[in-house]
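Novice: Going down the list, the protein sequences come from chains X and V.
Residues in the first sequence are numbered consecutively from 1, following my numbering.
Residues in the second sequence are numbered consecutively from 291, following my numbering.
Because the hints were derived from the structure by calculation, they are not lab data.
Just so we're clear, the structure is a prediction, and the values are computed from it rather than from any experiment.
One should not assume that every hint holds.
Claimed, not checked - On the chain V side, residues computed to face chain X include the following (Cβ under 8 Å): (1) 510; (2) 513; (3) 514; (4) 546; (5) 548; (6) 550; (7) 551; (8) 553; (9) 556; (10) 557; (11) 559; (12) 567.
To be verified - In silico negatives: residues of chain V with every beta carbon more than 12 Å from chain X: (13) 424; (14) 427; (15) 431; (16) 456; (17) 478; (18) 483; (19) 518; (20) 529.
Cβ coordinates follow ideal geometry from the N, Cα and C atoms, glycine included.
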Amino acid sequence: MDFNMNMTNRKLGVVLCCLMAVASCQKESQDVSFDNEISTVLSDDEICFSSMDVDTRADVTSLSSFNVMCITGTMGSSETSQFNKQFSKSGSYYYGSKYWPSSDAKYGFYASNNTITAASNGAYVSASNSTDVVVAYRAYNASDYKQTIGLTFNHIFAKLGYCKVSAPSGYSVSGLSVKMTPYVSGYYKIYSGTWSSKSAGSQSTLTTSLNSTASAGTYVVPGTYTLTLAYTLSKDSYTEAFSKSVSVTLVAGKTNNIVLNLPDGNSSGAPDGGVVIDPWEGGGNVDEGM
Amino acid sequence: MRRTYIIMCALSALVLASCTKDLPQDVSVSGREVVIAVDECSLDMSVTSKATAVTSVPSSLYIAVTSGSSNTQTSQMASVSKSVSGGKISTGLFQTTTPTPYNYYVSNVGMTFNAAGCTVAATNATDVIVGLTTASTSTAPSVTMNHVFARIGTFSCSSSNSYTLSNLTYKIQSKTGGGTAGTYNLYTGAWSGLTALGSTTMVQDMYLVPGTYTVTVSGTKSYGDYSASFSASADVTLVAGKINNISASYGASGAQEIVISTTLNAWGTNTITPTIS
Numbered sequence: 001m002d003f004n005m006n007m008t009n010r011k012l013g014v015v016l017c018c019l020m021a022v023a024s025c026q027k028e029s030q031d032v033s034f035d036n037e038i039s040t041v042l043s044d045d046e047i048c049f050s051s052m053d054v055d056t057r058a059d060v061t062s063l064s065s066f067n068v069m070c071i072t073g074t075m076g077s078s079e080t081s082q083f084n085k086q087f088s089k090s091g092s093y094y095y096g097s098k099y100w101p102s103s104d105a106k107y108g109f110y111a112s113n114n115t116i117t118a119a120s121n122g123a124y125v126s127a128s129n130s131t132d133v134v135v136a137y138r139a140y141n142a143s144d145y146k147q148t149i150g151l152t153f154n155h156i157f158a159k160l161g162y163c164k165v166s167a168p169s170g171y172s173v174s175g176l177s178v179k180m181t182p183y184v185s186g187y188y189k190i191y192s193g194t195w196s197s198k199s200a201g202s203q204s205t206l207t208t209s210l211n212s213t214a215s216a217g218t219y220v221v222p223g224t225y226t227l228t229l230a231y232t233l234s235k236d237s238y239t240e241a242f243s244k245s246v247s248v249t250l251v252a253g254k255t256n257n258i259v260l261n262l263p264d265g266n267s268s269g270a271p272d273g274g275v276v277i278d279p280w281e282g283g284g285n286v287d288e289g290m
Numbered sequence: 291m292r293r294t295y296i297i298m299c300a301l302s303a304l305v306l307a308s309c310t311k312d313l314p315q316d317v318s319v320s321g322r323e324v325v326i327a328v329d330e331c332s333l334d335m336s337v338t339s340k341a342t343a344v345t346s347v348p349s350s351l352y353i354a355v356t357s358g359s360s361n362t363q364t365s366q367m368a369s370v371s372k373s374v375s376g377g378k379i380s381t382g383l384f385q386t387t388t389p390t391p392y393n394y395y396v397s398n399v400g401m402t403f404n405a406a407g408c409t410v411a412a413t414n415a416t417d418v419i420v421g422l423t424t425a426s427t428s429t430a431p432s433v434t435m436n437h438v439f440a441r442i443g444t445f446s447c448s449s450s451n452s453y454t455l456s457n458l459t460y461k462i463q464s465k466t467g468g469g470t471a472g473t474y475n476l477y478t479g480a481w482s483g484l485t486a487l488g489s490t491t492m493v494q495d496m497y498l499v500p501g502t503y504t505v506t507v508s509g510t511k512s513y514g515d516y517s518a519s520f521s522a523s524a525d526v527t528l529v530a531g532k533i534n535n536i537s538a539s540y541g542a543s544g545a546q547e548i549v550i551s552t553t554l555n556a557w558g559t560n561t562i563t564p565t566i567s
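Just chain X, with the same shape it has in the complex (with noise of 0.2 Å):
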């Protein structure tokens, strides 16, 4: 009876010995999730996007007046200015008080809600994200003599829109920051459709949110822009911060609305159901000497 109480004994110490195991386990696993857990903090010189903040400037949709530069020469490699006159409305049509010449003097147009400078290889604007500027320009045609010109403009920035990451299935995410650096000015020739001279803005936030679609509204200089994006996927007893990078190409005069979903993490699953001990094996008196 003595041995049976023993062994009794010894099987609940064992048993309490492991449920303590268990119990010691799990308490480490929290510790250890809190101890990586990655979350974003925001500076305060940061541009916030998405709903924490809204771009407010004032989208072109018409036009009451705006600058106009007449050349000669071939537009665009060899021009030389005739005059630089602000047009303004009057009915359906703009005027100037600009005249054609006695005989076709081969003009072509420049246009811009913008300052527009002369240079013999192709005009140009100075152009800071501040404003949506448009362009236009009509190249010299012989047609065009004495003829109303019709001149079609065209946004030069791009804008962007919203940033919508969405998290892979199954997983939660924290600590999101999708961010970039535009350029905000530079000069834009206006025939070629070229940008030089550009200047970056500082680095912003294009959103912190999941599936978030609120618009930013802001005017980038268009171009292929390197995004950062930082999160933590979690999935059960699974934590993980990533870094990513990924490229996005802006258009002009598009609003450009992007789209991540963040790929699944390396989570290989929880252990179903809890501890299981095997039971003792029944087995053979242990004979004692008396």
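Use these hints to put chain V onto chain X, whose structure you have.
Specialist: Frame of chain X; chain V shown alone:
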């Protein structure tokens, strides 16, 4: 009686002497003297006075007399200056009862005999006037005088369209038959040996050989805020003996304003879905 005879002879001599003095025409005894009456009416008395303009019959004129016609004339009197009194010139020539047809040349400058007609060397520094009566048998022929040069009067240039013209300058130069000097044949009215006029700033009251000239007007044309320089030329024919007023008109078509129509392309949408790896 002898004394009386001598006295009578002396008196007769005095009478003859006095007759000779009082009636020089009669000294020629061949006939009556030709006295030329100069007609003033051909002179433009209303012209704006210029330093050398001839506005009345001068106090003396040159006369020359020939006989014959066309290019077979014979000199009867070489060019000589004669005083003009009361509009008349005493020639010193006389016609007989069977008068000879004479050609009477008159000018304010000396003339040169030429079988084809007397000529004057005329330069536009002088308002040269000439007159000619041909084949006259009269002892009181009348000669009408005319200016050989053309005279520039007023000149202006206006716009035939909406342009305003300013800063205008005028140039003139010979084209056909014009010039500043030459030899003028009073009989034929023809000029020869002309000195052409190069491009010269046109001045009111300048004298030029009659003919065709090119006038060039240059300046600035403006309309509203638009302005540009221009230069345009036209031919003019200057007429002898006339004050030629020139009125030019510039611009065949109206000024047309540059008009612009616009299309503004609206903001479009571009969705970017990059793959994150």
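Novice: Please go over all the hints and tell whether each is borne out by the structure.
Specialist: Hint-by-hint comparison with the structure:
Against a cut-off of 8 Å between C-beta atoms, the interface hint on residue 510 (chain V) is violated, since the closest Cβ of chain X lies about 13 Å away. A hinted interface residue such as residue 513 (chain V) counts as satisfied when its beta carbon comes closer than 8 Å to some beta carbon of chain X; here the least separation is about 5 Å, so the hint holds. For residue 514 (chain V), the suggested interface contact is upheld, since its CB lies about 4 Å from the closest CB of chain X, less than 8 Å. The interface hint given for residue 546 (chain V) holds, since its Cβ lies 5 Å from the closest Cβ of chain X, which is under the 8 Å cut-off.
Against a cut-off of 8 Å between C-beta atoms, the interface hint on residue 548 (chain V) holds, since the closest Cβ of chain X lies about 5 Å away. The beta carbon of residue 550 (chain V) comes within 4 Å of a beta carbon in chain X, closer than 8 Å, and the hint placing it at the interface holds. Hint status for residue 551 (chain V): holds, given a least beta-carbon distance of 5 Å to chain X, under 8 Å. The interface hint given for residue 553 (chain V) holds, since its Cβ lies 4 Å from the closest Cβ of chain X, which is under the 8 Å cut-off.
Taking 8 Å as the C-beta contact cut-off toward chain X, the hint placing residue 556 (chain V) at the interface holds, the least distance being around 7 Å. Interface hint status for residue 557 (chain V): upheld, as the beta-carbon distance to the closest one in chain X is roughly 6 Å, under 8 Å. For residue 559 (chain V), the interface hint holds, the least distance from its beta-carbon to any beta-carbon of chain X being 5 Å, beneath 8 Å. Checking residue 567 (chain V) against chain X: minimum C-beta separation of about 7 Å stays under 8 Å; hint holds.
At roughly 53 Å, the least C-beta separation between residue 424 (chain V) and chain X is larger than 12 Å, which holds for a residue marked as non-interface. Remark: the non-interface label on residue 427 (chain V) is consistent with the geometry, its nearest Cβ contact in chain X lying 64 Å away (cut-off 12 Å). No Cβ of chain X comes within 12 Å of the Cβ of residue 431 (chain V); the nearest lies about 58 Å off, and the non-interface call holds. Separation of residue 456 (chain V) from chain X is adequate, the least Cβ-Cβ distance of about 16 Å exceeding the 12 Å criterion.
Here residue 478 (chain V) stays apart from chain X, with its beta-carbon at least about 45 Å from theirs, past the 12 Å limit. The beta carbon of residue 483 (chain V) is kept farther than 12 Å from every beta carbon of chain X, the shortest such distance being approximately 41 Å. At the 12 Å boundary, the C-beta of residue 518 (chain V) falls inside the reach of chain X, the nearest C-beta of that chain being 6 Å off. Every CB of chain X lies more than 12 Å from the CB of residue 529 (chain V), the least distance being 31 Å, so the non-interface label holds.
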